[in-house]
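Chain by chain, the residues run as shown.
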Amino acid sequence: MIPLLSAEWLKLRSVRSTWLNAAAVVVLLALCGLWSFAVAGIWDGRPPAERAAMRAAPPEYPMSLALPLCTGVLGVLAITAEHATGMIRVSLAAVPRRGRLLAAKAGVVAAASLAAGLVAFTAAALLGRLIVGGRGVAEFHRPVGEEAPWIASLCLLVVVSALVGLGLGAVLRSTAGGVAAVTALLFVLPTLVTTVAPDPWNERIGRLLPTSLFAQLADRTGTMLDDPLPPAAAGALLVGYAAAALAAGALALARRDV
Amino acid sequence: MRGPDAAARVGRMIEVRELTKRYGGTAALDGLSFEVRPGTVTGFLGPNGSGKSTCMRVLLGLAAADSGAALVNGRRYRELERPLHEVGALLDASAGHGDRTARDHLRCLARTHGIGDRRVTGLLERVGLAGVARRRVGGFSLGMRQRLGIAAALLGDPGVLLLDEPVNGLDPDGIRWIRELMRTLAAEGRTVLVSSHLMGEMALTADRLVVVGRGRLIADTSVAELERRFRRGVLVRTPRGAELAAALAETGATVSAEDGGIAVHGSTAEEIGELAAARGIPLYEVATRSASLEEAYMELTAGSVAHRAEEVAR
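Protein chains in written order, with our numbering: chain W, 1 to 258; chain Y, 1 to 314.
Treat the hints as calculated values from the structure; they're not laboratory data. Here a beta-carbon is modelled for each residue, glycine too, at the ideal position from N, C-alpha and C. Mixed in with the good hints, there may be bad ones.
Stretches of chain Y that chain W covers, calculated by requiring three or more beta carbons in the stretch to come under 8 Å of a beta carbon on chain W [unchecked claim]: (1) 58-65; (2) 76-82; (3) 92-99; (4) 249-258.
In silico contact screen, one side only, chain Y against chain W (beta carbon under 10 Å); selected entries [stated by the list, open to error]: (5) Thr20; (6) Lys21; (7) Gly25; (8) Ala27; (9) Val87; (10) Arg136; (11) Gly139; (12) Phe140; (13) Gly149; (14) Leu155; (15) Asp157; (16) Gly169; (17) Pro172; (18) Arg183.
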C-alpha cells in the first residue's frame with residue numbers, strides 16, 4: 001500500500017488545482033484575520049459597560065464555513081480529474097485492483113485534508129487571539145480544553161467532506177456533478193431544511209447533516225439545537241457519511257467499465 | 001519439470017478466447033478468439049468500430065467481457081501482481097492530466113511499482129522527450145503525447161506490449177521511429193500487439209496479422225500468407241504469345257490476352273519461365289501480380305465495416 005500512497009501523493013501535489021485549493025486556504029485565513037479586526041473594532045467602539053455582554057463568532061468562523069467545501073472539491077477532483085483526462089485507464093492499468101486505488105486516494109486525500117484543517121484552524125484561532133489581544137471577547141479567548149475538541153471536530157468535518165467528495169466523485173464521474181453534490185450537502189441542504197421543513201422536522205433532519213454534526217460532536221451546539229445528539233452518536237454518524245460515500249464509490253468503480 | 005501443457009502455454013503471451021461483449025444491442029466483441037506469440041510484431045487490424053480497442057480494454061481489465069477469457073501470460077490482467085512488469089499498454093494518447101509534467105506523469109506510474117526516478121529519466125531520453133521532461137503535458141502535441149505514452153508502456157520493461165494506434169499523430173520521423181522501436185522490441189523476444197485501421201502501416205511493421213471485423217475474427221495469418229492468398233496471376237510479355245499460351249494451356253493453366261501481354265492463372269512465374277526456356281521462347285517480362293495488401297484488407301473486411309457511407313446516408 002505504501003507505493004500506492006506515494007504515487008497518489010505525487011498525483012495530488014503535481015496538479016494545479018491542489019495548489020489553488022491551498023491558496024484558497026490562505027485567502028480564508030486572511031478573512032479570519034479581517035473578521036478578528038472587525039470584532040476588535042466593535043469592542044473598541046462600545047462603552048466599557050456593554051463590552052462584557054458582547055458575543056461574536058469565533059475567529060475561525062470564515063474558515064469553518066469554507067474549508068469543508070475546499071476539501072470536498074479536493075476529494076471530488078482526486079477521482080473525476082482522472083475520468084476527465086483519461087488518466088483513470090492508465091492508473092487502473094498500473095493498479096488493476098480498483099478498491100486499492102480508491103483506498104490509496106482516500107488515504108492521501110484524508111491526510112492532506114487533516115493537515116490542512118489542523119494548520120488552518122489553529123492558525124485562525126491564534127491569529128484571532130493576536131489581533132483581538134487583551135480585549136475580553138470570550139470567543140477569542142477560549143481555554144485550550146474547550147478549543148482543542150472544537151478544532152478536532154472541525155478537522156473531522158473537513159476530512160469527512162473530502163472523503164464524501166471522493167466517494168461521490170467516483171459514483172458520478174463528473175467534476176461538475178461531484179462539486180454540485182458536495183455543495184448541496186454542505187450548504188444547500190442545511191439552509192433548505194432550516195427554512196422549508198416545518199418545526200420540529202427542521203431540527204430533526206437538520207441535526208443529522210454534517211455541518212451540524214460536528215458541533216454536536218464537540219458538544220457545543222449552544223442555542224442552535226433544542227435536542228442535540230450525544231457526541232459519540234454525532235461522531236459516528238459523521239464518519240458514517242464518509243464510509244457510505246466511499247462504499248458507493250468503490251462499488252461504482254469496481255462494477256463499471258472505464 | 002514443465003508438463004507438455006505448460007510448455008505449449010509458454011508461447012502464448014496473449015490469449016483471447018471466445019470473447020463477447022455487448023453494448024446495448026450491438027456486439028462490440030462477438031466470440032473473438034486469437035493468440036499472439038512472442039518475438040513478432042502482430043498487427044491487430046480492423047475498420048473503425050470493429051472491436052479492437054474494446055478487446056484491448058478487456059485484455060487490460062478496464063472493461064469486463066460478457067463471456068470468454070482474455071489472458072496475458074496465462075492469467076487475467078486483474079490477477080497480475082505487478083502488471084507494469086508484465087504488460088505495457090498505450091491506449092489513448094491523450095490520457096493524462098494536462099497539468100502534470102511529462103516526468104511527473106511517469107513518476108506517478110513508476111511509484112506504484114517502486115520503479116525509481118532514474119528509469120523515468122532514462123525512458124524520457126529513449127523516447128526523445130528529455131528536453132521537455134519538466135514541461136506540462138497539456139502543451140504537448142499529439143506526437144509528443146504518443147511518445148510519452150510509449151515511455152509509460154515501457155516503464156516496467158514488460159514482455160508484452162499492447163499499443164492502440166500508436167502512429168496516430170506522429171510525423172514521418174516519429175512513424176519511422178516507432179516502427180523501428182516495435183521491431184526492436186519484438187526482436188528482443190517480446191510480444192507486440194499493435195492495432196491499426198491502416199493496412200499500409202501494418203504491412204511495413206507487422207509480421208503477423210489478426211484481422212477483425214464487427215467483433216469477429218476475419219483472418220489470423222502472416223503478411224506473406226495474405227499476399228499469397230490474394231495473388232492475381234502472372235503477367236507475361238513475349239513476342240511469341242500465341243505459342244506460349246498454347247503450351248501453358250496444355251499444362252492446365254488458364255491464359256487470357258491482356259494489355260501487351262498474356263495473363264496466366266494457375267501457374268507460377270517459375271513454371272512459366274521453365275516452360276518458356278524449354279521451348280526456346282524469349283520472355284521480356286514475367287510479373288507476379290497480387291492485390292495490394294490494402295485491397296486484400298478491403299476485401300476481407302468488406303462485409304464487416306460498422307459505419308458504411310450508405311448506411312449513414314439513409
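Status of each hint after checking the structure:
Here the region 58-65 of chain Y counts 5 residues with a CB under 8 Å from a CB of chain W, which clears the bar of 3, and the coverage holds. Only when three residues or more bring their CB closer than 8 Å to a CB of chain W does the claim for the region 76-82 of chain Y stand; here the count is 3, and the claim holds. Only when three residues or more bring their CB closer than 8 Å to a CB of chain W does the claim for the region 92-99 of chain Y stand; here the count is 7, and the claim holds. Proximity of the region 249-258 of chain Y to chain W, defined as three or more residues with a beta carbon under 8 Å from a beta carbon of that chain, is not established by the 0 residues found.
With a least beta-carbon distance of about 14 Å to chain W, the hint placing Y:Thr20 at the interface is violated under the 10 Å criterion. A distance limit of 10 Å between C-beta atoms decides the matter here; for Y:Lys21 the minimum to chain W is near 9 Å, and the interface restraint holds. Interface restraint check for Y:Gly25: the shortest CB-CB distance to chain W comes to about 17 Å, outside 10 Å, so the restraint is violated. Residue-level restraint check for Y:Ala27 is violated (minimum Cβ-Cβ distance to chain W is 15 Å; threshold 10 Å).
The beta carbon of Y:Val87 is positioned within 10 Å of a beta carbon in chain W (closest approach about 8 Å), and the interface hint is therefore held. Look at Y:Arg136: its Cβ gets to within about 9 Å of chain W, closer than 10 Å, so that hint holds up. Hint status for Y:Gly139 relative to chain W: violated, with the closest Cβ pair at about 13 Å, above 10 Å. Violation of the interface hint for Y:Phe140 is found here, the shortest Cβ-Cβ separation to chain W being roughly 13 Å, above the 10 Å cut-off.
Restraint check, Y:Gly149 versus chain W: the minimum CB separation of about 8 Å is within 10 Å; hint holds. This hint holds: Y:Leu155 has a C-beta 8 Å from the nearest C-beta of chain W, less than the 10 Å allowed. Interface restraint check for Y:Asp157: the shortest CB-CB distance to chain W comes to about 14 Å, outside 10 Å, so the restraint is violated. Violation of the interface hint for Y:Gly169 is found here, the shortest Cβ-Cβ separation to chain W being roughly 15 Å, above the 10 Å cut-off.
The closest approach between the C-beta of Y:Pro172 and any C-beta of chain W is roughly 26 Å, which is over the 10 Å cut-off, so the hint fails. Against a cut-off of 10 Å between C-beta atoms, the interface hint on Y:Arg183 is violated, since the closest Cβ of chain W lies about 24 Å away.
Comparing the model with each numbered hint stated earlier shows that hints 4, 5, 7, 8, 11, 12, 15, 16, 17, 18 do not hold.
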